[in-house]
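One line per chain: the protein sequences are A and Z, in this order.
Numbers 1 to 175, taken from our numbering, label the letters of the first sequence in order.
Numbers 1 to 372, taken from our numbering, label the letters of the second sequence in order.
Treat the hints as calculated values from the structure; they're not laboratory data.
Where is the CB? At the ideal position from N, CA and C, for every residue including glycine.
Be a bit skeptical, because a hint or two may be false.
Listed below are the simulated SDA-like cross-link pairs for lysine to any residue, each with C-alpha atoms no more than 20 Å apart in a straight line [claimed, not checked]:
no., chain 1, residue 1, chain 2, residue 2
1, A, 110, A, 70
2, Z, 284, Z, 180
3, Z, 56, A, 127
4, Z, 332, A, 129
5, Z, 32, A, 101
6, A, 100, Z, 47
Pair ranges (Cβ atoms, derived) [claimed, not checked]:
no., chain 1, residue 1, chain 2, residue 2, range
7, Z, 175, A, 30, 53 to 63 Å
8, A, 42, Z, 46, 26 to 36 Å
9, Z, 289, A, 73, 48 to 58 Å
Counterexamples of contact, computed for chain A against chain Z with all Cβ distances above 10 Å [claimed, not checked]:
no., residue
10, 7
11, 18
12, 24
13, 28
14, 71
15, 168
16, 169
Listed below, chain by chain, are the residues.
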Amino acid sequence: MVVAQQQKDGAFQLLVGKIDDVLQYAIGDPMRYLANWGRLYSLWPVHLETACCSVEIGAAAGSRFDMERFGALEAFGSLRQCDLLIVMGTVTRKLAPRLKLVYDQMAEPKWVIAMGACSITGGLYFDSYNVLRGIDDVIPVDVYVPGCPPRAEAFLQGLVLLQEKIRRAPSLSGR
Amino acid sequence: MTVQAEYSPDADRIMSVSLGPQHPGAGHFRIKLWLDGDYVVRSEPDAGYVHRGEEKMGEYRNYIQNVPHLERPVILDSSNILFPYALGVDELMNLKVPQRGQYLRVIMSEANRIISHMYFIAIQGLFLGHTTLITWCMGDRDFWIDFAERIGGARVTFAYIIPGGVRNDIPPGAIKKGLETCDWFDKRMDEYEKIFFQNPMVHQRSDGIGVLSRDDAIAFGATGTVARASGLAVDVRKDEPYSAYEDFEFKTPVMTQGDVYARSYVALLDMRESVKIIRQALKKLPQGPVRLKLGPQPRVPAGEVYSRTEAARGEMSYYIVSDGSPRPYRLKIGVPSAKNLGVLPHLLRNVHVADIPPIYWGLNYWPVESDR
Numbered sequence: 001m002v003v004a005q006q007q008k009d010g011a012f013q014l015l016v017g018k019i020d021d022v023l024q025y026a027i028g029d030p031m032r033y034l035a036n037w038g039r040l041y042s043l044w045p046v047h048l049e050t051a052c053c054s055v056e057i058g059a060a061a062g063s064r065f066d067m068e069r070f071g072a073l074e075a076f077g078s079l080r081q082c083d084l085l086i087v088m089g090t091v092t093r094k095l096a097p098r099l100k101l102v103y104d105q106m107a108e109p110k111w112v113i114a115m116g117a118c119s120i121t122g123g124l125y126f127d128s129y130n131v132l133r134g135i136d137d138v139i140p141v142d143v144y145v146p147g148c149p150p151r152a153e154a155f156l157q158g159l160v161l162l163q164e165k166i167r168r169a170p171s172l173s174g175r
Numbered sequence: 001m002t003v004q005a006e007y008s009p010d011a012d013r014i015m016s017v018s019l020g021p022q023h024p025g026a027g028h029f030r031i032k033l034w035l036d037g038d039y040v041v042r043s044e045p046d047a048g049y050v051h052r053g054e055e056k057m058g059e060y061r062n063y064i065q066n067v068p069h070l071e072r073p074v075i076l077d078s079s080n081i082l083f084p085y086a087l088g089v090d091e092l093m094n095l096k097v098p099q100r101g102q103y104l105r106v107i108m109s110e111a112n113r114i115i116s117h118m119y120f121i122a123i124q125g126l127f128l129g130h131t132t133l134i135t136w137c138m139g140d141r142d143f144w145i146d147f148a149e150r151i152g153g154a155r156v157t158f159a160y161i162i163p164g165g166v167r168n169d170i171p172p173g174a175i176k177k178g179l180e181t182c183d184w185f186d187k188r189m190d191e192y193e194k195i196f197f198q199n200p201m202v203h204q205r206s207d208g209i210g211v212l213s214r215d216d217a218i219a220f221g222a223t224g225t226v227a228r229a230s231g232l233a234v235d236v237r238k239d240e241p242y243s244a245y246e247d248f249e250f251k252t253p254v255m256t257q258g259d260v261y262a263r264s265y266v267a268l269l270d271m272r273e274s275v276k277i278i279r280q281a282l283k284k285l286p287q288g289p290v291r292l293k294l295g296p297q298p299r300v301p302a303g304e305v306y307s308r309t310e311a312a313r314g315e316m317s318y319y320i321v322s323d324g325s326p327r328p329y330r331l332k333i334g335v336p337s338a339k340n341l342g343v344l345p346h347l348l349r350n351v352h353v354a355d356i357p358p359i360y361w362g363l364n365y366w367p368v369e370s371d372r
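Could you put the whole structure together from the sequences, leaning on the hints where they help?
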């Protein structure tokens with residue numbers, strides 16, 4: 001009697017598993033694509049200027065390069081609404097804990113663009129006593145945009161690369 | 001608009017708030033505020049988020065290697081921070097820079113002043129709730145960047161003014177293009193006046209806010225646009241003419257109100273003078289070489305020098321000590337932002353919270369420059 005019940009349960013679970021697979025195939029994949037497609041055209045950057053690359057962000061958000069046509073706003077919103085952290089240049093020892101704090105306060109899913117040579121390796125300031133040699137030790141980075149400072153076009157290319165990465169994200173969480 | 005309660009630590013009404021380092025507008029800077037409702041009772045700036053040790057780095061690079069990293073602190077105004085450095089090294093090495101090189105230095109310096117002031121006015125418009133101005137200024141700034149890029153080869157960091165002259169000659173066609181840009185920009189500035197500076201809404205929002213009196217400007221040692229908006233006619237280009245500035249006709253714009261409006265308007269008047277200087281310099285650009293030949297690692301005779309110029313934000317100065325080796329023994333940068341920072345706690349008292357951004361940005365304060 002018990003054995004028959006167990007067999008029945010097992011068959012039921014197998015059936016549920018199969019249905020789950022079918023649903024995952026039929027709905028999950030399109031859902032993942034749809035959710036990530038929605039995310040990639042509404043990137044909302046945190047306005048955390050860490051150093052001088054912010055000038056080129058200003059130019060990219062200005063009327064000639066117009067970052068907004070790629071779906072990224074030059075935002076002045078709350079950290080809780082933001083999903084993109086652009087690290088604009090040098091991160092010093094005093095700023096690094098604050099950068100981590102800002103990153104931790106953002107809600108998932110979130111992405112990071114490291115802009116400029118300083119945020120990638122320390123750049124010109126590699127031998128300065130107060131500068132971090134790259135921000136990888138503090139927060140994870142999705143896209144690196146090299147240059148000192150990167151031109152506004154280079155930054156926009158980095159943004160498009162990040163959008164491509166989000167489009168191809170393997171899971172619904174966008175990572 | 002006066003606050004009854006003066007700050008005392010045990011007053012229950014007083015709330016302390018930290019503005020920054022992530023905040024709308026310029027980041028990398030924090031202001032500690034003590035608020036009584038909507039009024040700022042006391043404030044304390046907290047700088048140093050972008051201290052990169054430029055002065056120490058200057059001591060283990062030679063005089064030519066110092067050029068690229070010295071222009072990074074004030075990237076908007078990169079030629080003007082190199083100008084006093086080049087003048088100082090020229091004086092130590094006793095170099096006579098050719099006249100064409102002097103003129104090109106002036107042209108690049110004034111183009112950078114316009115680029116810097118355009119950014120300043122753009123963000124000031126944003127802080128006063130005038131978003132038209134930021135789109136206009138950011139777009140028009142790019143035409144001046146085009147002109148500077150044609151000469152210097154980069155969008156913002158040119159490394160153009162170097163010890164011994166300028167890095168390269170002006171390319172063919174740049175003079176015509178520069179004169180066209182000057183003519184176009186003169187008309188464009190009239191439109192700025194109409195849409196922003198004569199706008200009654202802007203007047204209501206910025207007149208009489210953050211007033212710095214003439215005496216206070218002297219006491220705090222303010223320079224540049226801040227001092228000139230308070231009726232203090234300080235301009236190193238006039239007071240102590242350097243390079244080729246004696247050859248040009250221009251005025252030092254001065255306003256007397258000393259409020260946020262005057263500090264924004266002085267920047268526009270400054271740009272008008274810069275356009276005049278660029279036009280004169282392009283028209284009578286002398287022929288000849290643009291730089292003196294220096295070795296890759298020039299040895300500078302022992303001695304010390306203090307050099308100063310007028311940058312976009314105010315007086316930019318260097319104190320260089322040489323001990324006869326290829327590297328400076330001491331390199332001290334005196335930047336205008338650091339001089340104007342002292343004014344901020346004085347102005348942020350008995351003002352509304354909504355007035356903090358225009359007052360802060362009106363000082364033309366750039367944290368990267370101040371922290372060096």
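Exercise. Which numbered hints does this structure break?
Worked result: Result: no hint breaks.
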